[in-house]
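Protein chains: 2
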Amino acid sequence: MEDLRFMGLALREARAAAALGEVPVGAVVVVGGEVVASAHNRRELDGDPTAHAELLAVRRAAEARGHWRLHDATVYITLEPCPMCAGAMVNARVARVVFGAFDPKAGASGSLYRLLEDRRLNHRCEVRSGVLEGLCAAELTRFFRALRQGKGLPKPRPSARDRED
Amino acid sequence: MEDLRFMGLALREARAAAALGEVPVGAVVVVGGEVVASAHNRRELDGDPTAHAELLAVRRAAEARGHWRLHDATVYITLEPCPMCAGAMVNARVARVVFGAFDPKAGASGSLYRLLEDRRLNHRCEVRSGVLEGLCAAELTRFFRALRQGKGLPKPRPSARDRED
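Residue numbers (numbering that gives the first Met the number 0), protein chains in the order written: chain A, 0 to 164; chain B, 0 to 164.
So that you can see chain A by itself, here it is in the shape it has in the complex (with noise of 0.2 Å):
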């Protein structure tokens, strides 16, 4: 129940990127049951290739609590880490990562890496995935859909998390 309603943060934060003209993916923090963190992916209107939603909410969350450490969160995410973002998130010490849609394109949580299951490093995230997995993805495919229409890209399946290449 939790998670369903705090991935619907997290995909309200993807509407309003998309809103924005940006690829729809939403996060939000969530430590003792309360929202520390939310963010949406930036990446065009800031011009900063880390600017998506996860690892902006992350970084907000290590503000909000004054220490890198957020041994006690959990990560709400629309659409699977790519490897930057499952990285941070190790780096990080997240106790517990939750999203959406798969990413089989740049996915480090099943889909191309298991970043946040590897016993190499020295952090282990929990991982649940396939939350609301429909909702997540419809708001992607709506979006690129909508470009395609208006743009015309130069691919016809682009990646979730760029509409550029």
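Worth flagging that the hints you see were computed from the coordinates, not collected in a lab.
A quick note: this is a predicted structure, and the numbers were derived from the prediction, not measured.
There could be a bad hint or two in this list.
When chains are identical, the list treats them as one kind, so a pair holds in a single copy or across two.
Stated by the list, open to error - Using 16 Å as the maximum straight-line C-alpha spacing, the simulated EDC-like pairs for lysine to aspartate or glutamate come out as follows:
| id | residue 1 | residue 2 |
| --- | --- | --- |
| 1 | LYS104 | ASP117 |
| 2 | LYS104 | GLU116 |
| 3 | LYS104 | GLU33 |
| 4 | LYS104 | ASP47 |
| 5 | LYS104 | ASP45 |
Assemble the complex: chain A is given as a structure, and chain B must be docked to it using the hints.
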């Protein structure tokens, strides 16, 4: 020759980190023979789990250039990038990555993963490793030795990236 010179600048950044009590890792971003950004590890100072030298340098370079895409950039780092940082450089479309010392516990460019050269991802970076390796590694060794002698770390050989766990 160019690689040695720029790695020397990255090493100077690493020393600046050590002087501040941070794990000595430094990075510079070079475009067309000019340094466009440089940074050192600031995780403890900023309380930011993503404040690794090369991630900060990549963000600063994107800011300086006004775009997230750094397709003509070379990133010099004194230590092999972790998964987060390797992922960030792939996301930023960095052309080339040159690093000094290997990180057997968390390295994502040869040690544990080869993220920079994964053909499944939508970008690959050219990689050169081991430039000024001895000097880069010596900075880390010196730092951790001093830390052990001064504070008594719980583990005899902490990961190069992680002096607290």
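Verification of the hints:
Proximity of LYS104 and ASP117 under a CA criterion of 16 Å is satisfied inter-copy only: 11 Å between copies versus 20 Å inside one chain copy. For the identical chains of this complex, LYS104 and GLU116 are inter-copy neighbours only, at 15 Å across copies versus 19 Å inside a copy, given an alpha-carbon limit of 16 Å. In this homomeric assembly, LYS104 and GLU33 never come within 16 Å of each other (Cα to Cα): the closest approach is 32 Å inside a single copy and 34 Å across copies. For the identical chains of this complex, LYS104 and ASP47 are neighbours neither inside a copy (21 Å) nor across copies (28 Å), given an alpha-carbon limit of 16 Å.
Taking the closest pair of Cα atoms, LYS104 and ASP45 never come within 16 Å of each other, the shortest separation being 24 Å inside a single copy and 33 Å across copies.
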